[in-house]
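Read off the chains here:
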Amino acid sequence: MSDILLQIDGKEVEAREGMTILQAAQSAGIIIPTLCHHEKLDSYGVCRICTVEVETRGRTNLVAACLYPVEKNLVVRTRSEMVDKVRKMILELLLAHAPEAPALQDLAREYGAQRARFEKEPSFCILCGLCVRYCAEVKKKNAIAFVDQGAKREINFIPEIASQECWSCKECFPLCPTSYLQAAYFLIEGLAFPPPSASEE
Amino acid sequence: MNGVNEVNGVKGKVRTGAMDNDRIDRIIDKYQGKPSSVIQLLMEIQHENHWLAREVLVKVSKRLEVPLSEVLHIVTFYKTFSLIPKGRHEIHVCTGTSCHARGGQRVLDRVQDLIGIKPGETSSDLKFSLEAGNCCSLGPEIVIDGKHHGRIEPDKVEDVLKDYH
Amino acid sequence: MPRINSATELQALRKGLLSKRDPNKPCVAVCAGTGCLGPGSDNVISAFEREVEKHALKGKVDMRATGCHGFCETGPNVVIYPEEICYTRVRVEDVPEIVSQTVIGKKVIDRLVYTDPHTGEKSVHQSEIPFYKKQMRHLIGNNSKIDPKSLDDYLALGGYSALSRALFEMSPEQVLEEIKKANLRGRGGGGFPAGLKWETARNAPGEKKYVIVNGHEGEPGAFMDRALFTGNPHSVLEGLIIGAYAIGAHEGFIYTRHDSAQLRNNIAIALAQAEQYGLLGENILGSGFNFNVEVHLDVGIFVSGESSALMRSIEGKAPEPRPKYIRTSVSGIWERPSNLNNVETWANVPQIISKGYAWYTRIGTEGSKGTKLISLSGNIVNTGVVEVPMGTTLREIVYDIGGGIPNGKKLKAVHFGGPMGGSIPASLLDTPLDFDALAKLGAPIGAGGMFVMDEDTNMVEVARFFLNFLTNESCGKCVPCREGIRQMLKILTQISEGKGREGDIELLEELCEVAGAASLCALGKTASGPVLSTLGYFREEYEANIREKKRPA
Numbered sequence: 001m002s003d004i005l006l007q008i009d010g011k012e013v014e015a016r017e018g019m020t021i022l023q024a025a026q027s028a029g030i031i032i033p034t035l036c037h038h039e040k041l042d043s044y045g046v047c048r049i050c051t052v053e054v055e056t057r058g059r060t061n062l063v064a065a066c067l068y069p070v071e072k073n074l075v076v077r078t079r080s081e082m083v084d085k086v087r088k089m090i091l092e093l094l095l096a097h098a099p100e101a102p103a104l105q106d107l108a109r110e111y112g113a114q115r116a117r118f119e120k121e122p123s124f125c126i127l128c129g130l131c132v133r134y135c136a137e138v139k140k141k142n143a144i145a146f147v148d149q150g151a152k153r154e155i156n157f158i159p160e161i162a163s164q165e166c167w168s169c170k171e172c173f174p175l176c177p178t179s180y181l182q183a184a185y186f187l188i189e190g191l192a193f194p195p196p197s198a199s200e201e
Numbered sequence: 001m002n003g004v005n006e007v008n009g010v011k012g013k014v015r016t017g018a019m020d021n022d023r024i025d026r027i028i029d030k031y032q033g034k035p036s037s038v039i040q041l042l043m044e045i046q047h048e049n050h051w052l053a054r055e056v057l058v059k060v061s062k063r064l065e066v067p068l069s070e071v072l073h074i075v076t077f078y079k080t081f082s083l084i085p086k087g088r089h090e091i092h093v094c095t096g097t098s099c100h101a102r103g104g105q106r107v108l109d110r111v112q113d114l115i116g117i118k119p120g121e122t123s124s125d126l127k128f129s130l131e132a133g134n135c136c137s138l139g140p141e142i143v144i145d146g147k148h149h150g151r152i153e154p155d156k157v158e159d160v161l162k163d164y165h
Numbered sequence: 001m002p003r004i005n006s007a008t009e010l011q012a013l014r015k016g017l018l019s020k021r022d023p024n025k026p027c028v029a030v031c032a033g034t035g036c037l038g039p040g041s042d043n044v045i046s047a048f049e050r051e052v053e054k055h056a057l058k059g060k061v062d063m064r065a066t067g068c069h070g071f072c073e074t075g076p077n078v079v080i081y082p083e084e085i086c087y088t089r090v091r092v093e094d095v096p097e098i099v100s101q102t103v104i105g106k107k108v109i110d111r112l113v114y115t116d117p118h119t120g121e122k123s124v125h126q127s128e129i130p131f132y133k134k135q136m137r138h139l140i141g142n143n144s145k146i147d148p149k150s151l152d153d154y155l156a157l158g159g160y161s162a163l164s165r166a167l168f169e170m171s172p173e174q175v176l177e178e179i180k181k182a183n184l185r186g187r188g189g190g191g192f193p194a195g196l197k198w199e200t201a202r203n204a205p206g207e208k209k210y211v212i213v214n215g216h217e218g219e220p221g222a223f224m225d226r227a228l229f230t231g232n233p234h235s236v237l238e239g240l241i242i243g244a245y246a247i248g249a250h251e252g253f254i255y256t257r258h259d260s261a262q263l264r265n266n267i268a269i270a271l272a273q274a275e276q277y278g279l280l281g282e283n284i285l286g287s288g289f290n291f292n293v294e295v296h297l298d299v300g301i302f303v304s305g306e307s308s309a310l311m312r313s314i315e316g317k318a319p320e321p322r323p324k325y326i327r328t329s330v331s332g333i334w335e336r337p338s339n340l341n342n343v344e345t346w347a348n349v350p351q352i353i354s355k356g357y358a359w360y361t362r363i364g365t366e367g368s369k370g371t372k373l374i375s376l377s378g379n380i381v382n383t384g385v386v387e388v389p390m391g392t393t394l395r396e397i398v399y400d401i402g403g404g405i406p407n408g409k410k411l412k413a414v415h416f417g418g419p420m421g422g423s424i425p426a427s428l429l430d431t432p433l434d435f436d437a438l439a440k441l442g443a444p445i446g447a448g449g450m451f452v453m454d455e456d457t458n459m460v461e462v463a464r465f466f467l468n469f470l471t472n473e474s475c476g477k478c479v480p481c482r483e484g485i486r487q488m489l490k491i492l493t494q495i496s497e498g499k500g501r502e503g504d505i506e507l508l509e510e511l512c513e514v515a516g517a518a519s520l521c522a523l524g525k526t527a528s529g530p531v532l533s534t535l536g537y538f539r540e541e542y543e544a545n546i547r548e549k550k551r552p553a
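Chains as they are written, first to last, in our numbering: chain A, 1 to 201; chain B, 1 to 165; chain C, 1 to 553.
These are computed hints drawn from the structure, not numbers from a lab. One or more of the hints may lead you astray.
Said to hold, decoys possible - Some but not every residue of chain C turned toward chain A, in silico, with C-beta under 8 Å:
id, residue
1, P323
2, T471
3, R482
4, Q487
The beta-carbon is built from N, C-alpha and C at its ideal position, and this holds for glycine as well.
With the hints as extra help, turn the sequences into a complete structure.
This is the structure we're talking about:
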């Protein structure tokens with residue numbers, strides 16, 4: 001594994017081939033905010049809050065740090081006018097869903113995001129997917145699914161599986177940044193789990 | 001008039017009734033052992049059966065060894081798949097750009113008024129299901145059971161629908 | 001039909017077919033494209049078949065249900081060969097007269113002949129009709145001459161001679177060079193040089209490579225890929241096989257719409273026939289080159305036309321895009337090099353190989369070579385599928401070919417690229433059809449859907465229409481797109497309902513900027529196109545509404 005030298009915020013960072021900018025930054029003690037990232041899971045790249053500016057081959061681009069692979073002589077800026085604008089807007093869009101979430105509130109303070117810029121949305125899930133992915137990749141039970149698409153996208157516990165697996169597990173619960181997950185679980189347990197006397201095959 | 005279908009209360013003429021498990025099984029047999037064909041399999045069942053019951057999804061998941069979460073993700077990803085029984089006749093009203101410019105919305109309004117359902121719904125007598133979306137070029141257009149009725153005007157809609165039972 | 005096992009056998013077969021075809025034999029070609037099926041061309045076809053029976057003409061007159069002729073506005077369209085007499089708006093009641101008067105009697109029926117609505121001038125032959133006259137129909141022109149279900153028809157016109165030349169007279173590298181020198185640019189919306197894409201796939205590490213036809217055509221207002229693929233599936237297939245040869249791929253995928261039974265059937269028939277004749281499968285034409293194709297249907301959503309989403313769908317997963325930090329031509333389906341091109345792009349390949357890059361590059365502009373299929377629709381007299389050389393001005397397309405704006409209205413704007421494109425005002429109508437020229441104006445060609453709008457059009461509503469489309473079609477994975485577009489739509493709806501507020505435009509612009517910069521895929525990135533272009537050229541409409549609190553024109 002050859003060493004790759006890149007520059008992050010003016011600092012020279014040594015990284016290994018196959019690393020992402022986020023991993024390289026973390027190894028050098030440089031903080032890039034994340035919401036949908038987890039060290040035990042494959043990078044998902046959907047919250048886009050880890051967006052950073054990169055300069056390569058004379059061009060500047062905005063990319064997701066958790067996905068972009070390191071390159072020799074890559075110049076990375078983890079803060080800039082555009083980067084901050086993007087992060088502020090993402091937070092404002094998410095605060096419309098979950099204004100009480102501590103992770104969002106902390107970041108909102110740092111980036112000057114306004115809590116009520118957008119009208120309050122009914123669902124307080126921010127669709128980071130940590131629950132779905134943890135259950136699929138780590139527990140390999142696939143008890144939670146993404147359903148519907150676009151603005152209607154949501155997470156659903158699958159009653160057939162969840163009724164068997166979740167009570168003794170619940171490892172995904174602390175991952176949820178907004179506690180929507182716990183609420184969803186108890187709702188589905190009450191509404192759709194088969195009664196305990198029914199035998200499942 | 002409540003045009004939304006109700007599955008549990010309807011008996012007798014319901015097209016779905018007890019699903020032909022053998023037929024479904026035979027379709028699944030074709031794709032067994034090929035998890036990457038799950039979309040094609042689901043489309044084939046959807047085309048033949050016009051909807052996908054929960055038991056079918058569970059069966060597909062088991063036989064093709066694709067997690068049920070992935071199957072649910074696929075079938076809810078777009079309105080092509082129906083998780084509730086559809087009507088005997090599928091009406092598709094074009095709402096693409098050119099149909100929209102030529103009054104496609106008025107045709108859709110007329111269809112909705114006549115049948116009493118909105119796009120994505122099925123009439124309570126299970127006669128018609130309605131979808132809106134893109135079709136093609138010559139609008140306004142409605143497609144019923146695959147047959148195109150192009151250049152249609154709102155006041156002609158009733159005549160066209162009368163032919164379907 | 002015995003397999004063709006060499007280039008000479010192909011030539012002999014073609015000669016044999018031509019010798020059995022009398023060029024003077026009458027042929028009735030009825031358009032069975034969706035645009036003509038709508039007004040009942042299928043009934044017209046049955047009526048012709050009955051009349052031919054009645055007059056005992058079977059065998060003396062050919063009947064052909066063809067693909068889209070292109071002039072959707074005047075369908076059902078019928079062309080009678082060899083005279084090439086074109087009848088428009090043909091009804092079932094007209095058929096007996098056509099057979100007795102024109103087919104048998106060789107007389108022209110005046111009332112069925114095309115009449116120019118402006119000048120009153122009649123055009124008897126298809127090539128004289130102004131709509132067709134100004135076009136350069138290299139790709140779509142053959143539609144009216146062949147039965148899409150007949151490989152023999154395609155062969156009789158010279159089909160598969162390009163494949164034969166590629167396999168027997170050129171090396172894969174030479175084929176690649178030819179496409180590179182022709183500067184064939186992708187016709188699906190990206191406009192990326194196909195030759196470079198092919199080269200990347202060819203040079204990418206890995207034994208197994210794939211080629212893919214993107215037949216999804218999700219752009220609303222675009223219907224030319226369907227017209228071409230349904231009407232002449234072999235033209236696309238031939239291009240695909242040549243491309244596979246150049247890249248070194250032995251497996252291909254055709255990704256097409258699930259909602260057109262006619263398209264699905266014609267593709268299936270074309271593949272079966274090609275295999276039967278030895279033009280597809282193992283040891284093609286005896287050259288030693290193997291290539292097989294699988295057909296996959298889409299699930300119906302716009303985003304599945306995005307190349308990385310499409311590849312996920314082929315793998316059996318929900319069609320959600322992935323960021324393109326690693327090119328799909330290097331790591332695509334199952335992480336193998338995958339070259340994806342649009343239907344029209346593939347259809348350009350055979351003619352480039354047959355006639356050479358020098359011939360091809362003489363057509364078009366400096367940066368955009370060849371012809372382009374355009375789906376002309378909206379407030380225009382002649383809707384349909386049009387094919388023009390790149391460089392043709394928009395004015396020529398709208399007025400000379402399109403016949404101008406109906407009802408005496410004035411042109412306001414022209415929109416390209418659907419929900420990911422932009423609108424340009426009538427003042428810029430002398431812009432040439434060119435990838436770069438249009439992109440610079442904020443209205444990238446996209447797939448080629450050209451939507452014409454008259455003076456009564458509400459431009460805020462146009463932007464709102466496209467955003468509404470995208471909110472239903474976004475996969476919903478990433479925040480800037482899912483949340484951003486939804487908020488943009490809310491603002492536009494407010495404005496178009498007369499409830500716009502101060503600061504709305506600025507917020508809209510900020511949302512556009514963030515979505516454009518930070519979205520995961522092209523859908524989110526270009527969703528702001530219609531909004532930004534209408535804000536750029538028609539800002540007064542937005543402002544007037546907010547100021548006056550009423551709905552714009």
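To see whether the hints hold, each was checked on the structure:
no. : hint : result
1   : P323 : 5 Å, holds
2   : T471 : 5 Å, holds
3   : R482 : 6 Å, holds
4   : Q487 : 6 Å, holds
Violated hints: none; the structure is consistent with every hint.
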